[in-house]
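**Q** Residue strings, one per chain:
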Amino acid sequence: MVRFITTRLATTIIQLAGLALVVFFAIRALPADPVARLVGLNASRDAYLSSQKSLGLDRPVLEQLGAYLGIIPGSSGLLQGDLGRSWVTGSPVAEEIARVLPITLELITVSFVIAFLISVPLGMLCGLRPGGVADRITFGYSLFAGSQPEFWWALLFIFVFFAQLGWAPPPLGRLNPMSSPPPFVTGFITMDSLLAGNMAAFKDGVHHLMLPVLTKVFVLSGPIVKMVRQNMVRALASDYVLYARGSGLWPARIAAIALKNALAPALTLLGVLYGYILGSAVLIETVFSLGGIGQYAVRSVLAFDYPAIQAVVLVIAAISLFVYLALDVAHALLDPRIVS
Amino acid sequence: MSEVVVPRLAGADRAVSRPRADWLFRFGCLIVMLSLVLMVIGPWIAPYDVGRPTDFILEPPPALRDVPRLLWLSITNAPREPVYWFGTDSAGLDIFSRVIAAPRADVAIALGANLVSLTLGSLLGLAAGVARPWIGALIMRTSDLVQAFPVFITGMILVTLAGRSIGTIILTLALLYTPIYVRLTRSEVLTQRQRGFVDAARALGRREAWIALTHVLPNAMAPALIQFSVTIGFAILMTAGLSFVGAGVRPPTPEWGLMIAAGADQIVQGEWWPSLFPGLAISITVFGYAAFGNGLERRHAA
Chain A
1 MVRFITTRLA TTIIQLAGLA LVVFFAIRAL PADPVARLVG LNASRDAYLS
51 SQKSLGLDRP VLEQLGAYLG IIPGSSGLLQ GDLGRSWVTG SPVAEEIARV
101 LPITLELITV SFVIAFLISV PLGMLCGLRP GGVADRITFG YSLFAGSQPE
151 FWWALLFIFV FFAQLGWAPP PLGRLNPMSS PPPFVTGFIT MDSLLAGNMA
201 AFKDGVHHLM LPVLTKVFVL SGPIVKMVRQ NMVRALASDY VLYARGSGLW
251 PARIAAIALK NALAPALTLL GVLYGYILGS AVLIETVFSL GGIGQYAVRS
301 VLAFDYPAIQ AVVLVIAAIS LFVYLALDVA HALLDPRIVS
Chain B
1 MSEVVVPRLA GADRAVSRPR ADWLFRFGCL IVMLSLVLMV IGPWIAPYDV
51 GRPTDFILEP PPALRDVPRL LWLSITNAPR EPVYWFGTDS AGLDIFSRVI
101 AAPRADVAIA LGANLVSLTL GSLLGLAAGV ARPWIGALIM RTSDLVQAFP
151 VFITGMILVT LAGRSIGTII LTLALLYTPI YVRLTRSEVL TQRQRGFVDA
201 ARALGRREAW IALTHVLPNA MAPALIQFSV TIGFAILMTA GLSFVGAGVR
251 PPTPEWGLMI AAGADQIVQG EWWPSLFPGL AISITVFGYA AFGNGLERRH
301 AA
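Residue numbers (the working numbering), protein chains in the order written: chain A, 1 to 340; chain B, 1 to 302.
Do not take every clue at face value.
[As the list claims (entries may be wrong)] Derived DEER-like restraints, expressed as beta-carbon distance ranges:
id	chain 1	residue 1	chain 2	residue 2	range
1	A	Leu194	B	Leu123	54 to 62 Å
2	A	Gly40	B	Ala91	26 to 34 Å
3	A	Ala134	B	Leu64	29 to 37 Å
4	B	Val37	A	Thr89	23 to 31 Å
5	A	Ser289	B	Leu71	34 to 42 Å
6	A	Gly291	B	Gly51	40 to 48 Å
7	A	Ser289	B	Gly163	23 to 31 Å
8	B	Arg65	A	Ala134	33 to 41 Å
9	A	Leu194	B	Val37	21 to 29 Å
10	B	Arg195	A	Thr7	48 to 56 Å
If you're looking for bench data, these hints aren't it; they were derived computationally from the structure. Glycine included, C-beta positions come from ideal geometry on N, C-alpha and C.
Throw the hints in and build the complete structure from the sequences for me.
**A** If you want it as structure tokens, here you go:
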């Protein structure tokens, strides 16, 4: 088990290192001119050159890489845990990301948990009676939900629940602009407001999460239901279920046994899904102006803010790879066969 | 005992490969064909110019009860007021015309990107399956690396820094989707190259590369071709998503994602039509491609 985790961890770190290098060279190889974007097209030649110098873009690429990685003496870079400073705001990228990342993680984790809680019983129900009415309806739903533009559904939900019914708050951020946010502890608004004992902020936070989470759950449940159902059918067709049936166990007990075996392989796929959702959170954040890491990514990309772009890719890839790793380990704990 | 259990098991086994839903497949075929036709002729049959504003700003679509009468009038070519079936947007552009012209951007990008990555991916997958082990390992590790990138954000970065043209979107999506085809083709190649006809060709003294291209590859394409349909759907979603956040094709190109973004501010005020119809088009199209792919998959499994 220890060896399994060590090898997986080593692979993950090598992948991240490769990723950092590829991003670094890719954005410099593309025909974009960040200096012109920052100083404006009408800037004088001198302003252009001095800006280029202050960004360090006048140096040879390998020297820039050295500074980015932090292997040049006297510089601080990735190896020192320094993600650099944003070219647009001038503040450390790591600080900016620490502020926006929890917003995204809160949204997608809450959505994931709710989607999972809905999907597992639903998938189980379908798996118990393959081809039945429930199965057909759920199958249609999962095919449909898995192929929908979530940003459009978010707008539809806003139209119905905000513009028509008035149940939801306007899609203008994470909290009511009039209310004061709770002090920053974890960055998760719901958790921080509870820690501060601020029930009004907690309610407001949950209220503003309502529609984004609804949209995410609607889209996410599709693939999860499909996965649980598929694994459940497979588990129910196995010999140990046959044996359990032959032993005269209650159907509920048999279903519980099958469920454990059906969920174990689903964990790996959940890891992949989490990473994917994290990377595409930008769409839902844009609709609701949540100001998470997705919107930060769009801002940095459109401003050609290279340090921020590199950092965003690295942070998101790192989180998805580690979630993936953690779920793989959990899978191995549930099913020792895959370690060998 | 066994008489009771065996039919159950057989039933369960069959059910692993999806409940029957043939009308879904037919629906998928219809949508796929419609989208391809609109990709070619969409901009030509649009009733209004997709780039020239009409005199009406934010004109709502006709009420449902008026639709039959208006349809009749337009079929019989009777003189009538100008009709904007889906209304007009905040710039006064006719939404219906733009919705049916948009496949020229969305579907063409998705199709182009997938054709590139299907070609590239299946050849690389073939190489990974039949060439020397170190080449195979190199290809697979590279695929791993590409797949470790967050898809949407990487797409945003590449497209924006490379200049936000249709060509760069196609190349970016092609790059991101190639590993999928590499993986599918490779695993199928590994099973196909054990088959008798490969040994037979080898016994005839054919060159290995020739065997790989003419015998192994055609037989190993099925999973990649099924994936093709599903991935086109995803590529449409991604193209629309990229332009929705402002990192895709540039306005005023008629494109579904851009149109939804343009209507997003109106929807908060209760003006639903500028965003509803382009989104409906994406929703139906991508679902159609998914249903088509699902039908192909079941046919292939059966």
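**Q** The structure should be examined with respect to each hint, and the outcome stated for every one.
**A** For each hint, the structure was consulted:
1. A/Leu194 <-> B/Leu123: 54 to 62 Å: Holds, at about 55 Å.
2. A/Gly40 <-> B/Ala91: 26 to 34 Å: 27 Å, holds
3. A/Ala134 <-> B/Leu64: 29 to 37 Å: The hinted range 29 to 37 Å holds for A/Ala134 and B/Leu64, with Cβ atoms some 33 Å apart.
4. B/Val37 <-> A/Thr89: 23 to 31 Å: Given a distance of about 49 Å, which is not inside 23 to 31 Å, the answer is violated.
5. A/Ser289 <-> B/Leu71: 34 to 42 Å: 40 Å, holds
6. A/Gly291 <-> B/Gly51: 40 to 48 Å: 34 Å, violated
7. A/Ser289 <-> B/Gly163: 23 to 31 Å: Given a distance of about 27 Å, which is inside 23 to 31 Å, the answer is holds.
8. B/Arg65 <-> A/Ala134: 33 to 41 Å: The hint (33 to 41 Å, Cβ to Cβ) holds, given that B/Arg65 and A/Ala134 are roughly 37 Å apart.
9. A/Leu194 <-> B/Val37: 21 to 29 Å: Because 56 Å falls outside the window, the suggested range is violated.
10. B/Arg195 <-> A/Thr7: 48 to 56 Å: This hint is violated: roughly 34 Å between Cβ atoms.
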